[in-house]
Amino acid sequence: MAVKVIIPTPLRVYAAKKDSAEVSAQTVGEALGGLTTQFAELRKHLFTDDGKLRSFVNVYLNDEDIRYMAKEATPVKDGDVVSIVPSIAGGSAKLDNQAGQG
Amino acid sequence: MAGGLQLNISYDLAERIGQHGAETFPHECCGALLGRDSAFEENAGTDGSREVLELVPLVNRRDDSPRNRFAVTAEDVLDAEKAARKHGLDVIGWYHSHPDHPARPSQFDREHAWPWYSYVIVSVMSGKPAEMTSWRLNDDRLAYTQEPIAIRNRAAV
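Protein chains in written order, with the numbering used here: chain B, 342 to 443; chain F, 100 to 256.
Think of the hints as simulated: they come from the structure by calculation, not from any bench.
Do not take every clue at face value.
As the list claims (entries may be wrong) - Computed cross-link-like contacts, DSBU-like style, restricted to lysine-lysine with a CA-CA straight-line distance of at most 35 Å:
id, chain 1, residue 1, chain 2, residue 2
1, B, K435, B, K418
2, B, K385, B, K418
3, F, K227, F, K185
4, B, K393, B, K435
5, B, K418, F, K185
6, B, K418, F, K181
7, B, K418, B, K358
8, F, K227, B, K345
9, B, K435, B, K359
10, B, K359, F, K181
11, B, K358, F, K185
12, B, K393, B, K345
13, F, K185, B, K412
14, F, K181, B, K385
15, F, K227, B, K435
16, B, K358, B, K345
17, F, K181, B, K412
18, B, K435, B, K385
Build out the structure end to end from the sequences listed, making use of the hints.
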């Protein structure tokens, strides 16, 4: 199945500045695998060392979050769009117990 | 990443980031930085400089620990990207405040950071905006590089 993968802005520098790529895949996981085969430098920003999607990497199949479908095993069909969407988190090094005292 | 990193921002927008941090104190504030990166401009040099031209203040989704954590959901990111496209800009980074703490990235910041984005941190001491810094995650994800902030009187649109 030919699907389009949308690459988020912060990762385009690792994907020849492209905002999307065409890959051949049967599942969302295969589509992401195909993307990192084309652009190997993307891998460490999408996956942890043991191969799991990083927690702040969100993946949508068309407009559905794959967490509410079959996750990476979610099947894809011709013309589907897989979007990688960042979520952002952070905070200060202030300890939680200090932070609670205000 | 090549040297010469620099984040250009107008005085007004820099002030607004500090004010947002003062408003949410003692909780962390957060928001999106919209602008342009020289690397994505046609016929532009790739000197690593970028310019903030608009802000999208966001709600801190970490209501369980808002004094030392912030979170921006994927839906908020998509909304910020939509706002950027409306202005013909990109989301080039994110800002957040460190209430009563220095403007230095934490270990937690690094574990959750994306490369390429500028991460602006404003320290808010006793409710007043203090130092503002900007950071970019290195390609190897092991450390940040500090990105000098150049505050200008007017944004060069």
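Structure-based check of all given hints:
no.: 1; hint: K435/B - K418/B; in the structure: 47 Å, violated
no.: 2; hint: K385/B - K418/B; in the structure: 27 Å, holds
no.: 3; hint: K227/F - K185/F; in the structure: 32 Å, holds
no.: 4; hint: K393/B - K435/B; in the structure: 29 Å, holds
no.: 5; hint: K418/B - K185/F; in the structure: 31 Å, holds
no.: 6; hint: K418/B - K181/F; in the structure: 26 Å, holds
no.: 7; hint: K418/B - K358/B; in the structure: 26 Å, holds
no.: 8; hint: K227/F - K345/B; in the structure: 47 Å, violated
no.: 9; hint: K435/B - K359/B; in the structure: 38 Å, violated
no.: 10; hint: K359/B - K181/F; in the structure: 18 Å, holds
no.: 11; hint: K358/B - K185/F; in the structure: 21 Å, holds
no.: 12; hint: K393/B - K345/B; in the structure: 21 Å, holds
no.: 13; hint: K185/F - K412/B; in the structure: 31 Å, holds
no.: 14; hint: K181/F - K385/B; in the structure: 27 Å, holds
no.: 15; hint: K227/F - K435/B; in the structure: 18 Å, holds
no.: 16; hint: K358/B - K345/B; in the structure: 16 Å, holds
no.: 17; hint: K181/F - K412/B; in the structure: 25 Å, holds
no.: 18; hint: K435/B - K385/B; in the structure: 28 Å, holds
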